[in-house]
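Visitor: Quick note, the sequences are listed as chains A and B, same order. Residue numbering for the first sequence is 126 to 694, as defined by the working numbering. Residue numbering for the second sequence is 520 to 800, as defined by the working numbering.
Treat the hints with care, as some may be off.
To be verified - Derived lysine-lysine pairs resembling PhoX-like cross-links, with alpha carbons at most 25 Å apart:
# : chain 1 : residue 1 : chain 2 : residue 2
1 : A       : Lys498    : B       : Lys766
2 : A       : Lys418    : A       : Lys492
3 : B       : Lys745    : A       : Lys498
As the list claims (entries may be wrong) - Label pairs and their computed distance ranges (CB to CB):
#  : chain 1 : residue 1 : chain 2 : residue 2 : range
4  : A       : Asn335    : B       : Gln662    : 23 to 29 Å
5  : A       : Pro502    : B       : Asp775    : 31 to 37 Å
6  : A       : Ser523    : B       : Ala573    : 42 to 48 Å
7  : A       : Pro337    : B       : Leu726    : 24 to 30 Å
8  : A       : Asn391    : B       : Thr563    : 51 to 57 Å
9  : A       : Asn520    : B       : Thr563    : 31 to 37 Å
10 : A       : Arg669    : B       : Glu664    : 25 to 31 Å
11 : A       : Asp673    : B       : Arg795    : 35 to 41 Å
12 : A       : Gln449    : B       : Tyr580    : 39 to 45 Å
13 : B       : Asp665    : A       : Ile609    : 32 to 38 Å
14 : A       : Asn335    : B       : Ser724    : 28 to 34 Å
15 : A       : Asn520    : B       : Ile663    : 56 to 62 Å
Unchecked claim - Quick look at which bits of chain A chain B covers, simulated, 3 or more residues with Cβ under 8 Å:
#  : region
16 : 206–217
17 : 246–252
18 : 347–359
19 : 401–409
20 : 418–432
21 : 500–511
Just so you know, the hints here were simulated from the structure itself, not pulled from any lab data. Glycine is no exception: its CB is placed at the ideal position from the N, C-alpha and C atoms.
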Amino acid sequence: MRRTMTMRIVSHTLSLLIVVSSVTTPSTILQAQARTCVAIRAEISRLEASLAIEIGSLQNCTNHLGSCSPGVITGFQNAIALDQSEIAADRRELEIACPPPVPPRPSGQIKVVNLIPARLSLETYQDSEPFLAVQTDNPRIMVASAHTPNNVFSTGNAPIYFSNDGGDTWNLENTLPVEQITCDVTVAIPTGQNHAQGDTHAAALGCNYNLPFPDSSTLYEAETANPLSGMTMSIQSSRGKIDQPFVQARTISNEDRIYVGVNDFNRPKTGPTATLDVSFDGGVTFKSISLDKRKTPYNAPPVRLATAADKTVYVAFFGDWQFQPGGTSATLDLVVVRDDVGGNEANPFQALKDPFDNLAGRMVVRKLTIPWKPTVPTMGQERIGANLSLAVNPNNSSDVYIGWGDQAGDGNIYTLHVRRSTDRGVTWSSSDLPNTTLRNAINIAIAVADNGVVGLLYQQFTNDRWVTHLVQSQNAFTTFRDTILATVPASEPTLVALPYLGDYDCLSSIGNEFRGVFSANNTPDLANFPSGVKYQRSADFNKRILTDEHGNSVPISIDPFYFSVPVIP
Amino acid sequence: MVTSYLIREVLCTVMLATAVTASQEITDDAIAVSKQSSIIFLGTVQLQGETSFADVPKSTYTIVVRVDLILKKPTAVMLREGENVTVLVKDPAKFPRGAHAKFYTDGWIFGSGVSVKELGHEIRETILAANEERILSERINRQIEDQDLRSRVNSADIIVVAQVLEIRPWAAPSSDTRRRYISEHDPQWQEAVLEIQEALKGAESHLKIVLRFASSYDVAWVNSPKFKPGEQRLFLLAKDHITGEPKALVSGSQPDAYIALDPGDVLSITDAPRVRARLTN
Chain A
126 MRRTMTMRIV SHTLSLLIVV SSVTTPSTIL QAQARTCVAI RAEISRLEAS
176 LAIEIGSLQN CTNHLGSCSP GVITGFQNAI ALDQSEIAAD RRELEIACPP
226 PVPPRPSGQI KVVNLIPARL SLETYQDSEP FLAVQTDNPR IMVASAHTPN
276 NVFSTGNAPI YFSNDGGDTW NLENTLPVEQ ITCDVTVAIP TGQNHAQGDT
326 HAAALGCNYN LPFPDSSTLY EAETANPLSG MTMSIQSSRG KIDQPFVQAR
376 TISNEDRIYV GVNDFNRPKT GPTATLDVSF DGGVTFKSIS LDKRKTPYNA
426 PPVRLATAAD KTVYVAFFGD WQFQPGGTSA TLDLVVVRDD VGGNEANPFQ
476 ALKDPFDNLA GRMVVRKLTI PWKPTVPTMG QERIGANLSL AVNPNNSSDV
526 YIGWGDQAGD GNIYTLHVRR STDRGVTWSS SDLPNTTLRN AINIAIAVAD
576 NGVVGLLYQQ FTNDRWVTHL VQSQNAFTTF RDTILATVPA SEPTLVALPY
626 LGDYDCLSSI GNEFRGVFSA NNTPDLANFP SGVKYQRSAD FNKRILTDEH
676 GNSVPISIDP FYFSVPVIP
Chain B
520 MVTSYLIREV LCTVMLATAV TASQEITDDA IAVSKQSSII FLGTVQLQGE
570 TSFADVPKST YTIVVRVDLI LKKPTAVMLR EGENVTVLVK DPAKFPRGAH
620 AKFYTDGWIF GSGVSVKELG HEIRETILAA NEERILSERI NRQIEDQDLR
670 SRVNSADIIV VAQVLEIRPW AAPSSDTRRR YISEHDPQWQ EAVLEIQEAL
720 KGAESHLKIV LRFASSYDVA WVNSPKFKPG EQRLFLLAKD HITGEPKALV
770 SGSQPDAYIA LDPGDVLSIT DAPRVRARLT N
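Whole structure, please, built from the sequences with the hints as guidance.
Guide: So, in structure tokens, the structure goes:
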């Protein structure tokens, strides 16, 4: 404790040094800042080391009940809280005192492509909430999904997009075995697998309003060995009372492992609903794993996961949902669980225990507040709810990033945050990583490239525009390169349905590229797409109008956009 | 869904008349296959075993057809007369190069070109004038609309012209033991209290009834009808067998509750004469 207090004094002294030096001469500023930066970083390192020791000691106490007095436990808890607070203060100071150099521009071409095919140039629907799957072994093949209705087919299935030329052109086919439109859909192609055309898995939610809610929300886990075949996907399993399926897949030792995070309303009344559906045989059979081991009344809709080649699987969810008076906001805990054999064991996802209660599931942040207005357009015509993303370093499964959205209490509507663990989720950065507290932003998606560069996709409401950013960083956002993919009016077109842009979007890393999809206003205006854009649908960029086959104007709408951006070196 | 697949399979095997005229009797088969089709056109077979654009899987079942006359297509699709499309046919032997046919199809793959799946066809030995084809197509469309309306009229428990007096929130009663669900897809049920102005089927004028509807604009419910106080509409309603609570409270009594979830459950009052005609026939 005394050591920590001493460090705080040192920290404050250093802050004063900056203030003092800033009123002297430019050269002394630089000298003072250079010294200060080194000192602050060293202090953060020291604090992080002591924090790890304190957390380990506390964990020992809770693992061996009776070995520590209540006073000792309280002491450790206070020391942890103080260290975390010190680290946060030092990081903020570091951001101000030591503005880092911007990383180099990515070399190579940035690609932004409107997914609507040429022959659907007259479509005007709100194609929100896109998702993307890439065939790793043949990355020219990709499959994308969105809230695109089946209004060009008369029979059954919901549509899905595919590309077989690396995203330059896209086609739409109605091969998803869900009636007319999906209420939620995500897609995955097992990474590291060798199916020539990409063994595509879809987790799609069908909404049949002839059944009572939530029986009407039916999950279909579907598969096709060739998404280019034009053949309807096979339903591998289905069940009702499910929300927001999020699929990831990975091939390990010729075994296609399929993971679907869901909010499962089949769980007992007033109990946890965060669930992971797992298949170790390519989706032939699934087992459901309840993830939240605490007495939580509800979980929030998103359950997100990240898989690594060494079989490590992380899953993040929101626990202990407590409605606040009025019912338009809730407090909850951000929780991460881990399994080192991909869930293929008797008691899966027990690897991370929280030192405060020794239960499975590390609480990254407790008692955060989210606005819950799923039927109200709140910001730029979009509804606000629960945003969550999780990513693991492909070459180091100990290195994990988590991103989420909440109401930070500073007058903003919604704020995104990113934190990191470098010890397999045991400890997490105690405050947001530098430059990752993003106000009035939604649709966070994180991915880590082969070279360790982390990518962050989000959409920010700025000056009545939705601005889509892809941020890359070599050093956990201390320095970063921001690429604006789109900056479009947020007030038009008028919303048709919710979500307006989506409750999520998608980012992945493939080789030396970040690839992803987002939805945005489709006005063909090059000023809206600073990194360039390609339309397949008929458009006149001089007149800034969408057109039909006769050159007549077609109303603007929300379209899905694919992008690829080279990873910075 | 299974039913629709069966219908489709049956329709695929339908060989319709080899020649028609605009004035001839329209068969049930023609109506059924037209209803199933999203794209109907007259065309001339150009190539067998080929495709009209690269992203369509080529097989012995794909043929390239020049579109001569478009009779039906979805609004979103950009398709021009004179251009080639790919048709996935059931029996390629029935489509020799140069054959003229009316193609009843559903969309297959849309990209730089258009490809469709054959649901049925009519080989045309005699080519009708475009105007005659359009008249014939219109007659079929009217019959389809008529069948659909007749089906709705028959299946509705009540049909009324009514005014919306009040909109009120509604939740399942406390005796409902189901859990609360945290989901963006919650329907956000509301009740509309209606005053019946004219009873066409199964009800009495001047009564008040309660209609449940999903007020949510979530993607799951956006197409289901929404209401505002003061609106006057023609309602074709079924009793509420969906929400789990079959009764509603209105004017101190508990009559059957009704529900409107399909866009066709509510029509304009100008449709009343059409509906009356179906009731009397």
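Visitor: Work down the list of hints and note, for each, if the structure agrees.
Guide: So, going through the hints one by one against the coordinates:
For the hint linking A/Lys498 to B/Lys766, the alpha-carbon distance of about 29 Å lies beyond 25 Å, and the restraint is violated. Note on A/Lys418 and A/Lys492: the hinted pairing holds, with a Cα-Cα distance of about 17 Å set against a maximum of 25 Å. Under the criterion of a C-alpha separation no larger than 25 Å, the hint pairing B/Lys745 with A/Lys498 is consistent with the structure, at around 19 Å. For the hinted restraint 23 to 29 Å between A/Asn335 and B/Gln662, the CB-CB distance of approximately 26 Å keeps it satisfied.
Range check, A/Pro502 to B/Asp775: about 35 Å between beta-carbon atoms, so the 31 to 37 Å window is met. Here the CB-CB span from A/Ser523 to B/Ala573 is close to 45 Å, well matched to the stated 42 to 48 Å. For A/Pro337 and B/Leu726, the Cβ-Cβ distance of about 26 Å falls inside the hinted range of 24 to 30 Å, so the restraint holds. With their beta carbons about 55 Å apart, A/Asn391 and B/Thr563 fall inside the hinted range of 51 to 57 Å.
Between A/Asn520 and B/Thr563 the beta carbons are some 58 Å apart, a value that contradicts the proposed interval 31 to 37 Å. Between A/Arg669 and B/Glu664 the beta carbon distance is about 39 Å. The supplied range of 25 to 31 Å is therefore violated. In this structure the hint that A/Asp673 and B/Arg795 lie 35 to 41 Å apart at CB holds, the actual value being about 39 Å. Judged by the Cβ atoms, the range 39 to 45 Å given for A/Gln449 and B/Tyr580 is violated: they are separated by roughly 60 Å.
Separation of B/Asp665 from A/Ile609 is about 54 Å and departs from the stated range, judged on CB atoms against 32 to 38 Å. Range check, A/Asn335 to B/Ser724: Cβ separation about 30 Å, and the 28 to 34 Å hint holds. Between A/Asn520 and B/Ile663, the C-beta spacing of about 60 Å keeps the proposed range 56 to 62 Å intact. Counting residues of the region 206–217 of chain A whose beta carbon lies closer than 8 Å to any beta carbon of chain B gives 0, which falls short of the minimum of three for the stated coverage.
Counting residues of the region 246–252 of chain A whose C-beta sits closer than 8 Å to any C-beta of chain B gives 5, which meets the bar of three, so the coverage hint holds. Evaluation of the coverage hint for the region 347–359 of chain A: fulfilled, as 3 residues show C-beta separations to chain B shorter than 8 Å, against a requirement of three. Residues of the region 401–409 of chain A with a Cβ under 8 Å from some Cβ of chain B number 0, which does not satisfy the need for three, so the listed coverage is violated. Look at the region 418–432 of chain A against chain B: 4 of its residues bring a Cβ nearer than 8 Å to a Cβ of that chain, three or more, so the hint holds.
Using a Cβ-Cβ cut-off of 8 Å, 3 residues of the region 500–511 of chain A lie near chain B, which meets the minimum of three, so the contact claim holds.
Consistency note: the structure conflicts with the earlier hints numbered 1, 9, 10, 12, 13, 16 and 19.
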